[in-house]
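With the sequences and hints as input, model every part of the structure.
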Amino acid sequence: MVEPARNALEPTSLLEVRNLSLGFAGGGRVLTAVSGLSFSVAAGETYALLGESGCGKSASALALMRLLPAAGRILGGEVRLEGRDLLGLAEAEMRSVRGGGMAMIFQEPATSLNPVLTVGRQIGEVLAQHTDLAGEAARAKAEKLLAAVGIADPARRLCEYPFQLSGGMKQRVMISIALAGNPRLLVADEPTTALDVTIQAQILDLLQDLQAEREMGMLLITHDLGVVARMAHRVGVMYAGELVEEAPAAGFFDAPRHPYTQALFAALPDLSRRGMRLQTIAGQVPTLAAMPAGCRFAPRCPHAWERCRSESPDWSAAGEGHRVRCHLYGEGLEATAKRLVAEGTERSRNASVAGEDAPAPGSASPPSHPPLLRIADLQVHFPIRRGVFQRTVGHVRAVDGVSLTLTAGKTLALVGESGCGKTTVGKAVLQLLRPTGGSVLLDGREIAGLSRSAMRPLRRRMQMVFQDPFASLNPRLRVGEIIAEGLRALLAGERRDTAAVVAALLAQVGLDAGAVDRYPHEFSGGQRQRIAIARALAVQPELLICDEPTSALDVSVQAQILNLLGELQASLGLAYLFITHNFAVVEHLAHEVAVMYLGRIVERGTVEEVLRQPQHPYTKALLSAVPAPRPAAAGEAGGSIIRLPGETPSPAKPPAGCHFHPRCAFATAECRERYPDERALSATRVVRCHLYR
Amino acid sequence: MPIQPVLLWSDFFIWLLVAAGVGAAWWSARQPLLAAAWGRVGHNRVGVAAATLLAAFALVGLLDSLHYRPQLPAKAGASPGEKINYSVEVLSLLDGLLTPLRTRVEKTYSEPLATRAYAKEMMEVRQEDGSLRTLRDYPRLRFGGAALGADEVRAPADIAGRALRALLAGVVGWLALCALVSGRLARKVGVPRREGWRRVWHGETTFAWNALLAALGVIVALLAVLVGLGGEYHVFGTDKVGQDVLYQVLKSVRTALVIGLVTTLVTLPLAVFLGIVAGYFRGWIDDLIQYLYTTLNSIPGVLLIAAAVLMMQVAIDTHPQWFATAAERADLRLLALCFILGLTSWTGLARLLRGEALKLRELEYVQAAQAFGVSDLRILSRHLLPNLMHIVIIALVMDFSGLVLAEAVLSYVGIGVDPTMISFGTMINNARMELGREPAVWWSLTAAFVFMFVLVLAANLLADAVRDAFDPRMA
Amino acid sequence: MLAYIVRRLLYAIPILIGVNLLTFALFFVVNTPDDMARMQLGVKRVTPEAIQKWKAERGYDKPLFVNGKAGGVGVVTETIFFEKSARMFAGDFGRAEDGRDIAREIRARMVPSLAIALPTFVLGLFVTVSFALLLAFFRATALDFWGVVLCVAMMSISGLFYIIGGQYLFAKIFRLVPISGFGGGLDAMRFLLLPVLIGVVSGIGSSTRWYRTIFLEEINKDYVRTARAKGLKETAVMFGHVLRNALIPILTGVVVVIPLLFMGSLLTESFFGIPGLGSYTIDAINAQDFAVVRAMVFIGSVLYIVGLILTDISYTLVDPRIRFN
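Residue numbers (our numbering), protein chains in the order written: chain Z, 8 to 700; chain H, 61 to 535; chain E, 167 to 491.
Misleading hints may appear alongside valid ones.
Unchecked claim - Rough simulated footprint, nothing fancy, chain E against chain H, three-plus residues with beta-carbon under 8 Å:
hint : region
1    : 318-324
2    : 353-363
3    : 374-386
4    : 473-480
5    : 502-513
Just so you know, the hints here were simulated from the structure itself, not pulled from any lab data.
For every residue, glycine included, the Cβ atom is placed at its ideal position computed from N, Cα and C.
Printed below as a string of structure tokens:
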């Protein structure tokens, strides 16, 4: 064990976790979820705990606070905060640590605040518990805290309730609550996962500033390599309840050592691997009940040999502060290890070579191809009803004049933050929502406003893949029935062997034929998404509307789905309308991009044009807000970092003039008065901004 | 044939429910999610014990739902070809089994297991010298302990002896059953019989056999004692008109089951259909259905039932020609009560289902179906209904106990079952003033209380087990 | 917020009309007044004249909806619907079989009904909410387990037995209180003690279990975890956070019954011989006094609708999301 030595090296560590094990009771036994977790966080340091869902990182954080849910059990180990053993403290003493010694912020700001208490009251509680402030002094302190987390007009906000605040502001309030007790350590559990990228950038900046200012230690729990790259001083990678690699941030991104870490990097989509298969990790994360003996990653590891399957690896040093739990780095294997490191480094840095065999991105489609889908001035408005008689007093302009063109066999990415109306566009194209105005032409034929029966024959030409693989499959139907649903509904007249068709579809999406008789709950998230794709493909559509199909999936699984979509496009000539907020995915598979803001498209063009030389200030800001998972790639997008102030306004009351002007650094008087017209910058490029005329 | 089968309307509905139950069991066994949920109920010891008790009650109720009219003894000298006459009295299989209890009617009150009546009476006793003397004493019962003859002092010993013999027989039978079950289980998983026995009693089986066998043990023991003593004594005493209280309690079970189960035949279709349709279609359909149930809901339940029952009484009283026999009239009145209860109690479930349907219709698999142009009816039946089934099942078992309790109250208020029909409500109603007597007559009420309590408690415990097993948040 | 309340008030109008039509249909369409007369008079005395007389005495001899014989507004007003149903909106309920004015009787009987129902309600709410909080506080312990077992057992006992058993035990065996009856002034206390106690006890089982479920649901929410992460005491978490939020669903069930307290309790009042509206209703049912039952149905639904509106208003008090939207 390396621990004792390390301890001596870092006498100043604020938080010291040693051999922490925890589990969950259920069905009369305790399943171990985290075992032998050891790490330390120094004052002023950000330690990132990185891992995919279900690896035990959030449970570990809750265990530090001794806030595990009722079924959770701490099975052993030691947690020391400034030398005090927290696990041995009496509950009353522990209460002074919670919120005082260390504070925590959670993933969902919307549910983590008490909905019926004012912001002031919720901050005041902490002040009363951990400081001597009371009355006016406490109120003034609360005001100061709100100001410190960047909330304008704090005096007014103190009297408001959480539902009156936007998502980003709620998270700021959460942070102010956490800061109120002057904690030495801040535990941030996926603090920005529920937020949009521009807000995420603001919150990450805020956390960084506060930490530097207060010399706090920070334990940052995240699944996002980009966030780690942006924030962490040191990184710990968790897999299946164990820490498998620990390194200083620089060393970690330069030369990831553990095969799992390397695979994570390789699975990230981006422009450099355009048109290529992404590397994926075979198999799935083992369940708590069936942990493999030996190395827990061995069943999925391409380099595993017998020893990995029988013997759990110990820590091996792999450089300055860099250690890894893998037999490859054990004694006598230096040569293999070196080769691996070199490969990993290569893969994580590699940017240019692979791009060459990709189809020339952004090559404009030959004019002979008529567009498969043409949307012109599409509008979807929802009425707002108010007053005694529920009269319509206004409209939420979810989609307000969107025009797009999609060529057969190509991918158009519709990018935007939550609430911009991108999903509504998708549903309106499918006529799942009735458009208020505008036209949708499928292969030159108007489908907006078609009756249900007239629409029916056209439905087989376009289908949708939904975001949440757990909500998109009916849990009461067999996979075979789910896939055959479209066949029965749309192709009832054609005589065909349904069973054979379903089997062929399953094979096409890479699932076993035995899946036919099983039910969705027996499948993992990625497999479910494959089933959903097979269901859509069953009616042989030409257009697939993909609504964030990978945003609920882990990176390694996302890679599998992106690979599958790419193969299907190549073999079937499908066109994708790909709705997403993730630029990495866009870079990887889109041919054209349209950026949406508050119901309108502000910029569109080929991937090359939009992502390399963004023109609209919003596009620029979006791109610069995305934390890059490779430090080398940072700044590539547009040079200087742009931070957007404020948040997206409500589509019920969009700002006058250009919707973006209140957040735009270049706004002029004209921007406040008139919405800019479309301006074509090239054959493929359109921008709506007064800066370009 | 010595009997003429009679199918009362309530019998029809009861057997319809049994058929539906069997069908639902078959169907849910083929639905892995439902089967898994039922499996969780089967794993829950309290749930299995409660279900076993309820099954015993159900058996009593079913035996009481096979009706017939016995053949009247042929008149002397009647020719063989003459038309056979059947009794006007409609009996059930249970009545037939309980003939001793049913026919051995005393004059009036007697305490449980008594050999003499409860109140002193003026009696004329023939003295040895042949003269008649009037004295005031507790009269000897005609049937209670009749086998003892004059030897009444032997009564306690006789009772204890009979009870013990019966209990012994019961225990032996029960042990044999336990051995059989554990033996079969052992054979199925291929372990020695002793190991099978151990697994059953240590709760190491997926299905809670130990709970089932334990509950069965209690039932068998009680049943054995009742059978052993019931032939000779009035185990629960007799009521004002001398009728055996045990017989009344057993007859009440069917009434409670009919009220608790047949009502759901009315409630379920209304609640399920209107609730789902309102939630799925929204718009004016939703407004209309919401208006309907808010209006119905706004009339306090008891009053609405009272008004409806009053009107039903008017209809029954003014149309005596509709009913052939008194049993038929009481039966139809019982059904009408179920109907009224059903019409007034569907609103809660409908509102619940509407709320759930509103959530489900936004789910992506419903939208996926819409994207295929699947018809609304098919979406309702394939995507919504199966995913709301757990709520329906939970509501079904939860409502049962409430309805059984409601019957007692309604019968007390005078808007329940026909006064001639034996039910917990009418028993309580007849017996409630008896506590005020000196000395108090306590056994009718106690018997009704114990049976009703056990029935409702078992139903509530099963409902808890079912809710825990079916609630997706618990899974 | 004002618009919200006004809208709820307006929504009550069609519901009241619906209730009125429903009761009218139940009392006059399902069975005709002739049927009612036959039943009231008994088989022996039924003659066409007697039926006519019975109907005329009660004003049931008019047409249901449209009176063709009457002129002017009489076409509408001189009908059974107008006189028996529509006039209930104005608080005119007509006369009972014994000739007394129903509206007056109702006013007089409200007081004893409230005297029992109100203390039962307040005390019952306090006891059950406290008990449920206790169980939720000690969740997943033996206390919680046996508390729930007790609740299930208590809710499996018919309300009738609570009353019969209570009367037998406290009034007959211990002779602590009178078995039944009602008195004015301070004397009433003696008579009220037992019915209120029984009312509270009989409600413990189901209410406690329901509130406990609500509390447990709230306890599992994220904001409770936040409150604990602040270092608050468990009691502060329960009272300051959980109770505040649990009040919202509890209010739905509770506020709506407050106006109905005026109606009294059928069982308690009839067992204890209290001259309230509950026993009035029972007597009317037993005497098959249609006019009184009709009046009670109508008043009951009016009170229920008032309860719904009160619920909506109380929401605006406890839930800031409704207050500010």
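Tested hints:
1. 318-324: violated (count 0)
2. 353-363: Satisfied; 9 residues make the cut.
3. 374-386: holds (count 4)
4. 473-480: Result for this restraint: holds, n = 3.
5. 502-513: Our answer is that it holds, as 4 residues pass the Cβ test (under 8 Å) against chain E, meeting three.
Hint 1 from the list above is the single one not met by this structure.
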